[in-house]
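Listed in order, the protein sequences are those of chains A and B.
Throughout the first sequence, residue numbering follows this note's numbering, covering 1 to 221 in sequence.
Throughout the second sequence, residue numbering follows this note's numbering, covering 222 to 456 in sequence.
Note that these hints are calculated values from the structure, not bench results.
Since the model is a prediction, treat every value here as computed from it, not as a measurement.
Just so you know, even glycine gets a beta-carbon here, dropped at the ideal spot from N, CA and C.
Check each hint, because a few of them may be wrong.
Some chain B residues judged to face chain A by a derived CB distance under 10 Å, without partners named [to be verified]: (1) I231; (2) R242; (3) E291; (4) Y301; (5) E315; (6) A319; (7) S447.
The following label-pair restraints were derived from C-beta to C-beta distances [said to hold, decoys possible]: (8) R334/B / G125/A: 48 to 58 Å; (9) A245/B / V193/A: 17 to 27 Å; (10) A64/A / W304/B: 12 to 22 Å; (11) A429/B / G107/A: 40 to 50 Å; (12) G125/A / P414/B: 58 to 68 Å; (13) G121/A / V244/B: 26 to 36 Å; (14) A247/B / Q161/A: 58 to 68 Å; (15) Q118/A / R226/B: 38 to 48 Å; (16) P262/B / G125/A: 24 to 34 Å.
The residues making up each chain are set out below.
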Amino acid sequence: MGGRERSDSPSPILTATGIRKRFGRKLVLDNVNLEVRPGEVVAVVGENGAGKSTLLRILAGFLAADAGEVDSRGRVGYCPQEPGLIGLLNAREHLRYFGAARDLPPGDALAQGHELLQALGFPVGDPTLVQNLSSGNRQKLNLVLALLGEPEILLLDEPYQGFDQGTYVNFWNHVETWRDQGKAIVVVTHLLVERQRADRLVELRIPCPSVVGGEPPFGAS
Amino acid sequence: MSSARRIVIIAGMQGRDLVRRYVAIALMVVLPLAFYFALLPSHYALLVGGIGLAWSVSAVGLFVVLASRETDPRLVLAGYRPWELLAGRWLLLEGVAAILIGAFALLFLAISRPTATGELVLGVSLSGIVAVPLGLAIGSLLPRELEGTLAIIALVGIELTLPTDSSVAPFLPLYGSQQFLAVAAGLHGVTPPPAPVSVSYALAYTAALTLLATLLWTMRVRVKRSLHRPPSVRP
Ligand SMILES: Nc1ncnc2c1ncn2[C@@H]1O[C@H](COP(=O)(O)OP(=O)(O)OP(=O)(O)O)[C@@H](O)[C@H]1O
Ligand SMILES: [Mg+2]
Chain A
1 MGGRERSDSP SPILTATGIR KRFGRKLVLD NVNLEVRPGE VVAVVGENGA
51 GKSTLLRILA GFLAADAGEV DSRGRVGYCP QEPGLIGLLN AREHLRYFGA
101 ARDLPPGDAL AQGHELLQAL GFPVGDPTLV QNLSSGNRQK LNLVLALLGE
151 PEILLLDEPY QGFDQGTYVN FWNHVETWRD QGKAIVVVTH LLVERQRADR
201 LVELRIPCPS VVGGEPPFGA S
Chain B
222 MSSARRIVII AGMQGRDLVR RYVAIALMVV LPLAFYFALL PSHYALLVGG
272 IGLAWSVSAV GLFVVLASRE TDPRLVLAGY RPWELLAGRW LLLEGVAAIL
322 IGAFALLFLA ISRPTATGEL VLGVSLSGIV AVPLGLAIGS LLPRELEGTL
372 AIIALVGIEL TLPTDSSVAP FLPLYGSQQF LAVAAGLHGV TPPPAPVSVS
422 YALAYTAALT LLATLLWTMR VRVKRSLHRP PSVRP
């Protein structure tokens with residue numbers, strides 16, 4: 001792993017080393033390595049069932065790995081593939097609930113959340129309960145809750161699912177803005193074109209014999 | 222932001238969720254009352270109604286815990302401490318329990334007019350108090366509403382069918398409450414234990430269940446850190 005560090009880039013803010021995970025007899029992740037620095041986008045790719053979501057859950061601390069180490073040196077914003085929201089609360093209530101966790105007073109949480117929602121084209125102010133939102137809009141809220149409070153590390157598991165064309169393009173522009181702000185971003189993606197936007201690629205395979213990590217940068221230096 | 226303020230926000234948000242499940246909540250509350258009215262004018266109605274309150278409160282507790290099951294790990298990752306999330310739910314449930322204790326006690330006093338007024342109020346109160354951590358513990362242990370509801374039905378059902386002087390009764394969490402309710406209902410064949418003993422039983426079960434709920438809860442929602450070294454460290 002060592003010796004790859006570029007002199008001009010900061011040290012990794014999130015490092016995963018030798019991650020292994022099994023579910024029963026099924027080996028899902030075996031010796032997976034990943035590192036991401038501030039101002040970098042790492043794309044996690046692989047076919048359905050390759051273990052992308054499992055890896056992100058381990059990075060976020062939702063799941064313990066069977067072996068390996070995760071070292072994170074910043075606050076983590078995690079956008080899960082299945083939105084873990086409370087169906088009977090609306091968007092505004094979610095912002096207050098999650099904002100307080102980040103130590104944001106209700107006013108600040110709403111201001112920051114509404115700005116982020118607005119940027120993604122969410123109907124801000126809509127009092128519809130989350131269980132009755134359209135799935136694209138639910139996903140926008142899911143993403144915004146991960147961004148609330150400006151965490152340094154973003155773990156995004158196919159965060160654009162259900163986004164319309166405009167929002168989708170918009171999303172990748174936002175990713176670039178966040179990267180330029182110095183955030184460390186790990187994003188699961190399926191689409192070939194979007195891989196070009198990443199600085200680094202982690203490819204997972206079934207049954208996952210080993211993993212490509214620390215690839216030469218794809219896009220930006 | 223202080224923990225107290227965060228706990229109040231948690232209680233408030235879970236409270237909104239709870240109020241919006243009004244059909245389920247109404248059914249939970251009506252069920253023990255239905256048993257009570259069905260058994261009238263027998264004084265046995267008091268015992269069933271009072272123990273039934275524990276059913277209502279713990280079932281509400283189950284709903285409160287399970288409503289945000291998917292969201293809790295996210296909330297912890299976002300910065301809440303696991304105990305704050307539990308304390309928010311506990312606060313909400315104590316409020317619900319206080320309202321139901323007051324309502325049930327007044328209703329029973331007005332309709333059944335028991336002579337042992339103090340015993341009735343104590344019995345109903347202890348039933349609600351023990352039920353709060355009972356609901357939290359079952360909600361932290363069992364993953365879904367169906368399993369949790371069945372567990373509560375089983376537990377409360379056993380307490381209802383056991384004779385109050387059965388040798389098994391002291392091993393069940395509502396024992397203390399049951400003793401007072403039996404006196405209020407005039408059901409005691411043998412002498413009941415002295416009041417302080419029954420109160421102590423109820424408080425001890427409350428403490429033990431609170432501890433259990435806290436442990437189960439913390440295990441469930443804590444951030445799982447992967448820090449162990451791989452067994453074979455590759456160079
Ligand atoms: N809790 C679990 N219990 C058992 N098996 C699981 C569990 N979670 C995931 N798996 C298995 O682990 C494998 C990887 O799942 P994962 O969700 O990480 O895939 P993925 O790469 O995210 O797929 P997709 O592209 O469909 O989102 C799958 O075979 C899945 O069935
Ligand atoms: Mg996935």
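Verification of the hints:
For I231/B, the shortest C-beta to C-beta distance to chain A is roughly 7 Å, which falls under 10 Å, so the interface hint holds. The interface hint given for R242/B holds, since its Cβ lies 7 Å from the closest Cβ of chain A, which is under the 10 Å cut-off. Because the closest C-beta pair between E291/B and chain A is about 4 Å apart, less than 10 Å, the hint holds. With a cut of 10 Å, the hint placing Y301/B at the interface with chain A holds, because the nearest CB-to-CB distance is about 5 Å.
With a least beta-carbon distance of about 20 Å to chain A, the hint placing E315/B at the interface is violated under the 10 Å criterion. The restraint placing A319/B at the interface with chain A is violated, with a minimum CB-CB distance near 23 Å, outside the 10 Å limit. With its C-beta approaching chain A no nearer than about 4 Å, S447/B sits inside the 10 Å limit, and its interface hint holds. For the pair R334/B and G125/A, the beta carbons lie near 54 Å from each other, so the given range of 48 to 58 Å is met.
Checked against the hint of 17 to 27 Å, the pair A245/B and V193/A fails, with Cβ atoms roughly 47 Å apart. For the hinted restraint 12 to 22 Å between A64/A and W304/B, the CB-CB distance of approximately 20 Å keeps it satisfied. Remark: the range hint 40 to 50 Å for A429/B to G107/A is upheld by a beta-carbon distance near 42 Å. Between G125/A and P414/B the C-beta distance comes to about 59 Å, which sits within the given range of 58 to 68 Å.
Checking the proposed 26 to 36 Å range against G121/A and V244/B shows it holds: the Cβ atoms sit about 34 Å from each other. Under the hint 58 to 68 Å, the C-beta atoms of A247/B and Q161/A, about 36 Å apart, miss the expected range. Distance hint check: the CB atoms of Q118/A and R226/B are about 27 Å apart, inconsistent with the given range 38 to 48 Å. The beta-carbon spacing between P262/B and G125/A, approximately 55 Å, falls outside the hinted interval of 24 to 34 Å.
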